[in-house]
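*Asks:* Listed here are the chains, written in short residue letters.
There are 2 protein chains.
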Amino acid sequence: MAIGAKALPISFVAHFLGIVGAILLHPVLMLIGLIILGGEAIISYKCLPLKKPEKKLIHLVLHAIALILGIIGVYTAFKFHNESNIANLYSLHSWLGIGVIVLYGIQWVYGFLVFFYPGGTTAIRSESIPWHVLFGIFIYVLAVGTATLGYLEKLTFLESNGLEKYGSEAFLVNFTAIVTILYGTFVILTILSQPHQEDEYSYSAI
Amino acid sequence: MAIGAKALPISFVAHFLGIVGAILLHPVLMLIGLIILGGEAIISYKCLPLKKPEKKLIHLVLHAIALILGIIGVYTAFKFHNESNIANLYSLHSWLGIGVIVLYGIQWVYGFLVFFYPGGTTAIRSESIPWHVLFGIFIYVLAVGTATLGYLEKLTFLESNGLEKYGSEAFLVNFTAIVTILYGTFVILTILSQPHQEDEYSYSAI
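Protein chains in written order, with full-length UniProt numbering: chain A, 1 to 206; chain B, 1 to 206.
These are calculated hints, taken from the structure and not from any lab test. This one's a predicted model, so the numbers in the text were calculated from it and none came from an experiment. Just so you know, not all the hints are guaranteed correct.
Computed far set for chain B versus chain A, every beta-carbon distance over 10 Å [to be verified]:
| id | residue |
| --- | --- |
| 1 | 40 |
| 2 | 74 |
| 3 | 170 |
| 4 | 192 |
Lysine-lysine pairs mimicking BS3-like chemistry, simulated, CA-CA at most 25 Å apart [to be verified]:
| id | chain 1 | residue 1 | chain 2 | residue 2 |
| --- | --- | --- | --- | --- |
| 5 | A | 165 | B | 154 |
| 6 | B | 79 | A | 165 |
| 7 | A | 165 | A | 79 |
| 8 | B | 154 | A | 154 |
| 9 | B | 79 | B | 154 |
| 10 | A | 154 | A | 165 |
| 11 | A | 154 | B | 52 |
| 12 | B | 154 | B | 165 |
| 13 | A | 79 | B | 79 |
Partner residues are not named here, just some residues of chain A that face chain B (Cβ under 7 Å, in silico) [said to hold, decoys possible]:
| id | residue |
| --- | --- |
| 14 | 84 |
| 15 | 85 |
| 16 | 87 |
| 17 | 152 |
| 18 | 153 |
| 19 | 165 |
| 20 | 167 |
| 21 | 174 |
| 22 | 177 |
All C-beta atoms in this analysis are idealised placements derived from N, C-alpha and C, irrespective of residue type, glycine included.
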């Protein structure tokens, strides 16, 4: 069965939509995943009025979702580049992005093994926790920084192709970047503030 | 008195050299000023084997030099833009850059008034110190982030004008950016580590 239209031009439309989807998908996945869910994962362990095992489960599940969305986000970037014949992995944004994903993965696996299952000895846990927090903060700040590089890179491409430098779209992207930075700042500030309940393995260990 | 050559084309050469100088000057001033001297100012208060008043003096003088070089660096960016008819203050790099300079200035003046001259009461000092450290870390991380945005922005312009994406120049800029990030990371790590001598107003107050 076939409708009375040529398949090839329609396939171009499909590819075009796929590319638009991938372009849109990458920042959305990264912002919702690594930045927002990652931030919520960090905040949840500090602030939820729950017992430690429950907070830990929420912390690791949220970070797992963030990581998976981040990996899909990296995949969409490669897919979009390959389908549009754009070079891969030449920019600082891409280098740091790969770095963030790899470090995020290492941090998650280490945290899972030491703090969840099978779990390290008490000595290993209490030795590890400040480094887990410190390394986590580092990766999170690097993720926020990499996101701002992405906003700037995309906008610079668009502006060199004629997008107005002081137009609404440009301002929207820049203000989104600033909101992202402020969100990340308050996530980190949450960790460095006083916990509302005492907890031996609280982030306050730092 | 006049030599036997037309002034106008020679003035073009002068302007061209001025512009090259300004382009080169901006990243050099920012890197040497806000990033390196700013980092040394932060480290010095934590690590120098000196008495507190001496460390404080070194801390504030280094930050003052960093700030002055930063202000000259901002000036050279405007000068270069105006002489080359490039728009000012449209990019995320420029917005954050202005933000960093303003916050750096506020932080310096507050620190000078409260901790140096005329100096606040003991209560105000001990209440202020963790916020001074926290705000200082925030501004410094923002400065490092703004620098990486600058590397990426400049390189994106150059690459859209034909510079090889995987060439030595591009790699040099990207690796410089990564070294800048690593330097900033170790400056912050220094603050968060244990001091080698006990000190009431040490950074460890955080």
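*Asks:* Confirm or reject each hint.
*Replies:* Status of the hints after comparison with the structure:
{"no.": "1", "hint": "40", "result": "holds, 21 Å"}
{"no.": "2", "hint": "74", "result": "holds, 18 Å"}
{"no.": "3", "hint": "170", "result": "violated, 7 Å"}
{"no.": "4", "hint": "192", "result": "violated, 7 Å"}
{"no.": "5", "hint": "A:165 x B:154", "result": "holds, 16 Å"}
{"no.": "6", "hint": "B:79 x A:165", "result": "holds, 19 Å"}
{"no.": "7", "hint": "A:165 x A:79", "result": "violated, 28 Å"}
{"no.": "8", "hint": "B:154 x A:154", "result": "holds, 13 Å"}
{"no.": "9", "hint": "B:79 x B:154", "result": "holds, 16 Å"}
{"no.": "10", "hint": "A:154 x A:165", "result": "holds, 13 Å"}
{"no.": "11", "hint": "A:154 x B:52", "result": "violated, 47 Å"}
{"no.": "12", "hint": "B:154 x B:165", "result": "holds, 13 Å"}
{"no.": "13", "hint": "A:79 x B:79", "result": "violated, 41 Å"}
{"no.": "14", "hint": "84", "result": "violated, 14 Å"}
{"no.": "15", "hint": "85", "result": "violated, 13 Å"}
{"no.": "16", "hint": "87", "result": "holds, 5 Å"}
{"no.": "17", "hint": "152", "result": "holds, 5 Å"}
{"no.": "18", "hint": "153", "result": "holds, 6 Å"}
{"no.": "19", "hint": "165", "result": "holds, 4 Å"}
{"no.": "20", "hint": "167", "result": "violated, 9 Å"}
{"no.": "21", "hint": "174", "result": "holds, 5 Å"}
{"no.": "22", "hint": "177", "result": "holds, 5 Å"}
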